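K.L.:
Sequence:
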Amino acid sequence: MSFSSTRLRGRGLCFAHGHHEVLHGVDVDVAPGAVTVVCGPNGAGKSTLVELLAGVRTPRAGRVERDGSLALVVQRPTVPDALPVTVRDVVAMGTWSRSTRTTRGRRSAHRAADDVRRTIDLVGLADLADRPLAALSGGQRQRALLGQGLVQDVDTLLLDEPAAGLDADSRATVRRLLAETARERGTAVLCVSHDEQSIAAADHVVRIVDGRVRAPRPL
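Quick note: the sequence shown, position 22, residue 22 per this note's numbering, numbers continuous.
Because the hints were derived from the structure by calculation, they are not lab data. Careful, some of the hints might be misleading.
Ranges of calculated distance between the beta carbons of each label pair, as one might list FRET restraints [as the list claims (entries may be wrong)]:
1. A113 with G12: 42 to 48 Å
2. H19 with R214: 22 to 28 Å
3. R118 with R57: 19 to 25 Å
4. G18 with G165: 28 to 34 Å
Note that the coordinates shown come from a computational prediction; the quantities given were computed from them, not determined experimentally. Beta carbons are placed, not taken as given, at the ideal position from N, Cα and C, and that holds for glycine.
Build out the structure end to end from the sequences listed, making use of the hints.
P.N.:
Below is the structure:
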């Protein structure tokens, strides 16, 4: 297949929890240099779709085709609050996987500390860089996770509700960062979002209702 216009592709994706069908024959394309937003009501299967595309789950039917490196930004940190992990630590975790990739990844590993510092500033957490993650608000934690995804400089970036728990100004910052990441780096960005402005600003919209892709409403 050719990835000239698609970095990540799902075809006929089906998934079920036991006897409960979650996704039914979903097709999706994620293009480089663009932001694709997956939207729809709660329980429609949006997060499951992202997990299938990321390889976290295996589809019951259908296939996923990927080209290049990929990172997934989850909605909540997987680090226990009892661990003394700081914002800087969380963002720096994104450089660990980067250092295992190709020549571009190994080269960027040498400037990992500078990249982490710039990314922390980019997501507006410079004053909290050495603050324990457990001491942050939900919105601040979410920005730290976004930084972990951005610092990886991957070909495809998947995000599950990156603006969840953020105020209006912070949501606008997330929209701007994702748009800049797509356009300036050529990254294929896909995110789940309930934010109306994020949906309106997206290059592509995938609307899921009852586990099926519906035609998006006009933007």
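K.L.:
Enumerate the violated hints, using their earlier numbering and listing them in ascending order.
P.N.:
Violated hint (a single one): 3; every other hint is consistent with the structure.
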